[in-house]
Amino acid sequence: MTIPVEKVSGPRRKNKAEFEWTPEHIPEDFHERLFELEEKGELVVQRVDTEHIEVPVKYGRSKKVPIGHTWHHKSCGQCGHIPGYSTSIFWVNRKLGIEYEDPRDQTSCTAWNYYASATSNAAAQAAVAVRNFAAAYETGRFPIIHCGTSFGHYKEVRHELLAHDQLREQVRRVMDALGKPLVLPEEMVHYSEWFYAMRHEIAKHQVRDFSNIAVTVHPACHYYKLVEGDAIYDPEVYGGQRTAIVSEVAQALGAEVRDYSTWFDCCGFGFRHILVTRDFTRSFATQRKIKRMKEEADPDVTLTHDTGCVTTLDKSQFAAKAQDPSFATIPVMSEAQFAALAMGAHPYLVCQLHWHAADYRPLLEKMGIDHEKAWAEFEEATARLERGEQQYLTWEDADV
Amino acid sequence: MSPTATPTPTHADSAAYKLGRTYPDVPLEEKQRLFDEIKADERFHDYLYGCYECGICVAACPSARYYDFSPRRIAQAAAREDVELVYQQMQEDIWDCSQCFSCLRCPRGNNPGGIITVMREVAVNNGLESAKQALRGYTRIIYKIMSTGTQVSPDMLQADAFPDWGPSVAKVSQKLDLWRRALPPETHHTTTTGWEISTRTLVELYLIWHKTGALNMISELDPSLHSLLEEVMEDLLDEEGYELD
Amino acid sequence: MSETVVVIGGGPGGIEAARQVADLGAHAVLVEARERLGGTPIFANYAALTPYFANAEEAMDAMIAALEQRRRAQVRTSTTVTALSGEAGAFKVELSTGETLDAGAVIIATGFDHFDPGRERQIYNYYQYPDVLALQDLEAQLKEHKVVVPSTGRAPESICWVQCVGSRDRNIGNEWCSKVCCGIASKQAIEVRKLSPQTRAYIFYIDMRMYGYWETQLYWPAQEQHHVQYIKGIITEVLERGDRLVVRGEDTTMGRPLEVPMDMVILSVGMEPSAGTKAMGDVLGVERNRHGFIEVLNPPLDTVSTTRPGVFACGAALGPADLEDTISSAGAAAGKAVAMLRADSLAVA
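Protein sequences, first through last, are from chains G, H and Z.
In terms of our numbering, the first sequence is residues 1 to 400.
In terms of our numbering, the second sequence is residues 1001 to 1245.
In terms of our numbering, the third sequence is residues 2001 to 2349.
One or more of the hints may lead you astray.
What the hints assert, rightly or not - Here are the simulated DSS-like pairs of lysine-lysine, each with C-alpha atoms no more than 25 Å apart in a straight line: (1) 1171(H) to 321(G); (2) 95(G) to 64(G); (3) 373(G) to 1175(H).
Claimed, not checked - A partial selection of chain Z residues facing chain G, derived with a Cβ cut-off under 10 Å: (4) 2119; (5) 2126; (6) 2278.
To be verified - Covered stretches of chain G, as calculated for chain Z (at least 3 residues, CB under 8 Å): (7) 18–25; (8) 172–186.
FYI, nobody ran anything at the bench for these hints, they're computed from the structure.
As the structure is a computational prediction, the values presented were derived from the model and not from experiment.
Quick reminder that beta carbons are idealized off the backbone N, C-alpha and C, glycines included.
Sequences and hints are given; from them, build the entire structure.
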């Protein structure tokens, strides 16, 4: 089933007015409490004080997304297993002439482990979060969070720190011992929100035509379900009734966004399941998501914006196909990789698609990319490393 | 299911009895103590109000589609303070949850996924059999995250660990060092961690694990992992001139 | 002491209150913001009234005609109350037309608004899918004696009602039961089954709240004669699959998640304090309760006196109410208002 873009873009009903939030029906904004505690001297709020873009979030509110001067809070899964994800984020920043920092003074949010094994507690989780925020604060740069789970978990941590005096006190004592302030950023910003904010700028730099590319979108649960307030909802996309994240970037790049009936379903990651109970993950990802997308929308690619979702949706397809050869696979990538490809990024040197499992080559062909030639270029570049001519490939090497 | 599970009732008004499985070897006082530990968590009262069984949490739940698992039953048992049933769920249900938090749609404002997080913490803290079983095969990941500050590392991509992911894993693991060096971001050349983390940062992380009691949580669950981690952390803290109280 | 009672709101409650004030021998001025009387049953296109299936338009016309026969009752349409001064027995009521009325008492009968499904936290896509309707949207069809899927123009093979939309929800902030939706959904399901016998009808509910006679007026006949399927469990998502909708919920009786294709989904939207109720709270200086409806002073034995002496309220301005409650409380408000005007003459020496 094809969903016309105008349907994705707004209410199809002609007899109903578009829905708008009225002030009296909007829940409380966490900022009030945040600034109240700042005023009392209980914590430091890192402000978005550089050039930024206001993006629409739930309840008709808006949020500030800094353009540059950012501190990239990386994701374990992205960097470890699908490195084209973070590489593409950095590459797009560089291509747009925006400077950023890729810090070494950053740990994982450790929430993947927490949601998988519960071998941690609220104070430890909050201290890990605040330590990272303080590390960003010390550089004067604003944190941009790559992982959907980190983003969601940090929103949860923020809620708990604002709500529970005892926890705040406990975390403050830990921070004192580390010689760091108790810092919370004014806004929690996910990298996909930066892509949303920059979508028109990215489209201006587009060199590949995606008008014949059909995509489906999987929004990450922890992005918009876990503390639902500060996720992007755009009145122009899905009538403001679903998060516009990823979908709007794909649209801005000229791709056709198609709907499917399990859009709101989780990917099946399960935190512990992906590592130790993968039969559940595989079944859910392939039967509830990939198969439905294929049957109902037949996309060229499915886009998402979180480590866990890309991994789950991508890697689970092999077993489904091995079991049933008629199982039709769909390539999976982040919208950052998709946007980088639109801007002319190299599929291997930048987007690192060789780390992905589901066959992406038909997609590259449809995008007009000669993947055989591109792979030869990658092999040639890595051969230089093997010959010891250089130890690492650089950003200059990535743009052939 | 633990080998001690039997259909013998120990507490006649418990729904656990009606569902046919209880743990008679575990005294009621112990079950009560564990429940009290759950209830004492500061988050618990934010996570549970009451339940009128609308089923929204189950409808949104991925785990309910594949397991005999129900976030609604979790909320109900906790609200009824049915310590037998809560104990049974801690042994048999909580590790099925996907922690996706789709259940936050609850119109009553409950957070069944959050209740489960707390129940799991208590299960870990007390070294419950279900926690040991659920985390079997997961130990190396706890070690990785606590000791390195990143959860999964490139060198975990081994074909024998992910046979169901197909040949792409073997391809990556064969070329791992080369392909990591081919990554343009300078922090990405690592193979044993997701990215390069500075020593000072790691020291700070270790201090957090110590000072918040997170490290001690696994002492019951996995004593050998606990002492191994303790050793690794103390070595680095020593080296960097930190003394623990 | 003025002999006039100003009644605000020209729906069933206001019409009944004005009629009773007149019948008790006082003067009533009924002020209605819209251009005609009839209120929500008329403006939300109700077909048949719950639970007796009376034709809504005919029933309201009869009420209005009965009021028009009362010499002591006057009507001001396209008019709102803009200010209230003075005190019980000697109020000055200012109207948007510039007129000022002397009144001994005031009755608020400003009713409710339907909950807007755009605010729903479940995923119902009311604004996105043409075949997702609210109760009043289906009423408009039933009024024309038809039931059709908006996107196809054909009768639905299957239709369902989703109960408690915008009611009993802490996150939305509407922590009340709207009382009537169970009955209205059942009434509509009976009407749909009569109009289109081949249509399968389902009602997804948390608790079926069928007070008193509604049990045998609506619930049992819907199940027993019209084979409406009642499933305990609420829908959380309405999405499209192919040309049809698919609803996702839990069948809590069976304890399993369910997913069923539907041609039409009717959201049983609840009641909220109307814009008029909220505005009159401020204009008249009466308190509203934490739910936003008009606060009554001494429930349960006085259901109509507000926090300002001489000002009474009735019907859904006080909180969710069915028509029978509304008419009863309108009578109580009229009685108390007129009794108050006469208080001096009744005083025992």
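Check your understanding: Are residue 95(G) and residue 64(G) close enough, with their CA atoms no more than 25 Å apart?
Key -> holds (22 Å)
Exercise for review: May I ask you to test the interface hint for residue 2126(Z) with respect to chain G, counting a Cβ-Cβ separation under 10 Å as satisfied?
Suggested key: With Cβ-Cβ at 8 Å, under 10 Å, it holds.
Point to revise | chain Z covers the region 18–25 of chain G, three or more CB atoms within 8 Å, holds or violated | key: holds (count 5)
Practice item. With chain G as the partner, please determine if residue 2119(Z) meets the hint condition of a C-beta pair closer than 10 Å. Key: With a closest approach of 6 Å, the residue 2119(Z) hint holds.
Review point. How about residue 2278(Z): closest beta carbon in chain G under 10 Å, or not?
Key: Holds - the Cβ of residue 2278(Z) comes within 10 Å of chain G, reaching about 9 Å at its closest.
Review point. Are the Cα atoms of residue 1171(H) and residue 321(G) separated by 25 Å or less?
Key: Answer holds: residue 1171(H) to residue 321(G) is near 19 Å, not above 25 Å.
Point to revise | Residues of the region 172–186 of chain G with Cβ under 8 Å from chain Z, three needed, outcome | key: With 0 residues close enough to chain Z, the hint is violated.
Check your understanding: CA of residue 373(G) to CA of residue 1175(H), is that 25 Å or under?
Key -> Holds - the C-alpha atoms of residue 1175(H) and residue 373(G) are around 20 Å apart, at most 25 Å.
Comparing the model with each numbered hint stated earlier shows that hint 8 is the single one that does not hold.
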